[in-house]
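Residues per chain, in single letters:
Number of protein chains: 2
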Amino acid sequence: MFYFQTTNPHKFQEAKIIFEKYGLKLERIPNKYKEIQAESLEDVVIEAIREIGKERVFIEDAGLFIDSLNGFPGVYSSYVEKTIGNEGILKLMKDVKNRNAKFISVVAFLESLSPLKIKIFRGEVKGTISIEKKGKEGFGFDPIFIPLGYNKTFAEDINLKMKVSHRKKSIEKLARYLEEAYG
Amino acid sequence: MFYFQTTNPHKFQEAKIIFEKYGLKLERIPNKYKEIQAESLEDVVIEAIREIGKERVFIEDAGLFIDSLNGFPGVYSSYVEKTIGNEGILKLMKDVKNRNAKFISVVAFLESLSPLKIKIFRGEVKGTISIEKKGKEGFGFDPIFIPLGYNKTFAEDINLKMKVSHRKKSIEKLARYLEEAYG
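Chains as they are written, first to last, in my numbering: chain A, 1 to 183; chain B, 1 to 183.
For reference, chain A alone in the conformation it holds in the complex:
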């Protein structure tokens, strides 16, 4: 059994589906944990998983990084989503030609406490910021993100998201690692 500590039930669902594909059992720990202010998602999750300090637990942090906004909202994506939301991002991107962006997801898994062994897995998906909000599925910035090579937002097509998303990639890397090591 492995444990995904997250307050976000959507994220847990996404992870559980992937874990099942690899024959791995996953439970959710819904508790909050402390996050530091840092420039990179890696710094945030490494510090946080050390504080959590429990074996077989992983956490995940993700962000939307928009090129023309110098990486904003980046590591603070969830705060930005709660305050200015998708509408705020679309307003900031009004009349902006370069709409390139990427979603990044970073997983930190605490494999053992002594010696301390933390594994990091990263997933990334490139895309563009849409002109308007579209779709009702997913959460966060899904309604304004169109992955490269497609013409729908993540919120318009949850299967597309489950296939190509940043979190799909990072969690799948973790699941493959666990299958190899523990399967």
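One or more hints might be untrue.
[Claimed, not checked] No more than 25 angstroms apart at the CA atoms, straight line, and that leaves these computed lysine-lysine pairs for PhoX-like:
1) LYS133(A) with LYS91(B)
2) LYS102(A) with LYS91(A)
3) LYS16(B) with LYS173(B)
4) LYS32(A) with LYS34(B)
5) LYS91(B) with LYS97(A)
6) LYS82(A) with LYS94(B)
7) LYS91(B) with LYS102(A)
8) LYS133(B) with LYS91(A)
9) LYS163(A) with LYS16(A)
10) LYS94(B) with LYS133(A)
11) LYS82(A) with LYS97(B)
12) LYS134(B) with LYS163(B)
13) LYS82(A) with LYS94(A)
14) LYS119(A) with LYS34(B)
15) LYS169(A) with LYS25(A)
16) LYS54(A) with LYS16(A)
17) LYS102(A) with LYS82(B)
18) LYS94(B) with LYS91(A)
19) LYS91(A) with LYS97(B)
20) LYS97(B) with LYS133(A)
21) LYS169(A) with LYS32(A)
22) LYS94(B) with LYS94(A)
23) LYS91(A) with LYS134(B)
24) LYS126(A) with LYS102(A)
25) LYS54(A) with LYS34(B)
26) LYS34(A) with LYS82(B)
27) LYS133(B) with LYS91(B)
28) LYS117(A) with LYS34(B)
29) LYS94(B) with LYS136(B)
30) LYS82(B) with LYS91(A)
31) LYS133(B) with LYS97(A)
32) LYS119(B) with LYS34(B)
33) LYS119(B) with LYS102(B)
34) LYS34(A) with LYS34(B)
35) LYS97(A) with LYS82(B)
36) LYS134(B) with LYS94(A)
37) LYS54(B) with LYS32(B)
The set of hints was computed from the structure by calculation and includes no laboratory data. Please read these numbers as outputs of a predicted model, since none were measured by experiment.
Assemble the complex: chain A is given as a structure, and chain B must be docked to it using the hints.
Positioned in the frame of chain A, the structure of chain B alone reads:
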């Protein structure tokens, strides 16, 4: 002698001028320190000063809280300023009627380690977000903030800022406390 730990030389200058008025000596510790992601400035500084763990040291954190943006950029003001900047805030505020905002400054002073005694001082200044950037003085969001009762931004009139600012108030509360306790 007291110590202000800050990477920001502007903030130190503002504090030093106030301390001198109260006959108190102040030195700068220019080192970075860890900040957590939190909803309030108080949570950020209390946690940070505990980690620093040195007597007679204080830190200060400030943010711009805009009513119509649900408090954005708030505790993440310095990150937002570095990425989307004043231009980004003005774009978000385009055609927005309610331009009310406030600057909040919170100081945490570590008075003693054993028993642990941390004093918190808060300063606040109400105002509005200007229609365009004005002025070259100060730093951060000073060029777009007009304090209530005036018609200039903080960046147009540094003396106005030194007189009514959030940090003026929080640091002055600290200085008055120190004068009383140690003077």
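Tested hints:
no., hint, in the structure
1, LYS133(A) with LYS91(B), "holds (18 angstroms)"
2, LYS102(A) with LYS91(A), "holds (18 angstroms)"
3, LYS16(B) with LYS173(B), "holds (14 angstroms)"
4, LYS32(A) with LYS34(B), "holds (19 angstroms)"
5, LYS91(B) with LYS97(A), "holds (16 angstroms)"
6, LYS82(A) with LYS94(B), "holds (20 angstroms)"
7, LYS91(B) with LYS102(A), "holds (22 angstroms)"
8, LYS133(B) with LYS91(A), "holds (18 angstroms)"
9, LYS163(A) with LYS16(A), "holds (14 angstroms)"
10, LYS94(B) with LYS133(A), "holds (19 angstroms)"
11, LYS82(A) with LYS97(B), "holds (21 angstroms)"
12, LYS134(B) with LYS163(B), "holds (19 angstroms)"
13, LYS82(A) with LYS94(A), "holds (20 angstroms)"
14, LYS119(A) with LYS34(B), "holds (23 angstroms)"
15, LYS169(A) with LYS25(A), "holds (18 angstroms)"
16, LYS54(A) with LYS16(A), "holds (19 angstroms)"
17, LYS102(A) with LYS82(B), "holds (19 angstroms)"
18, LYS94(B) with LYS91(A), "holds (9 angstroms)"
19, LYS91(A) with LYS97(B), "holds (16 angstroms)"
20, LYS97(B) with LYS133(A), "holds (23 angstroms)"
21, LYS169(A) with LYS32(A), "holds (24 angstroms)"
22, LYS94(B) with LYS94(A), "holds (11 angstroms)"
23, LYS91(A) with LYS134(B), "holds (22 angstroms)"
24, LYS126(A) with LYS102(A), "holds (4 angstroms)"
25, LYS54(A) with LYS34(B), "holds (22 angstroms)"
26, LYS34(A) with LYS82(B), "holds (24 angstroms)"
27, LYS133(B) with LYS91(B), "holds (11 angstroms)"
28, LYS117(A) with LYS34(B), "holds (23 angstroms)"
29, LYS94(B) with LYS136(B), "holds (22 angstroms)"
30, LYS82(B) with LYS91(A), "holds (18 angstroms)"
31, LYS133(B) with LYS97(A), "holds (23 angstroms)"
32, LYS119(B) with LYS34(B), "holds (19 angstroms)"
33, LYS119(B) with LYS102(B), "holds (23 angstroms)"
34, LYS34(A) with LYS34(B), "holds (12 angstroms)"
35, LYS97(A) with LYS82(B), "holds (21 angstroms)"
36, LYS134(B) with LYS94(A), "holds (23 angstroms)"
37, LYS54(B) with LYS32(B), "holds (14 angstroms)"
Figure legend: structure checked against the earlier numbered hints; every hint is met.
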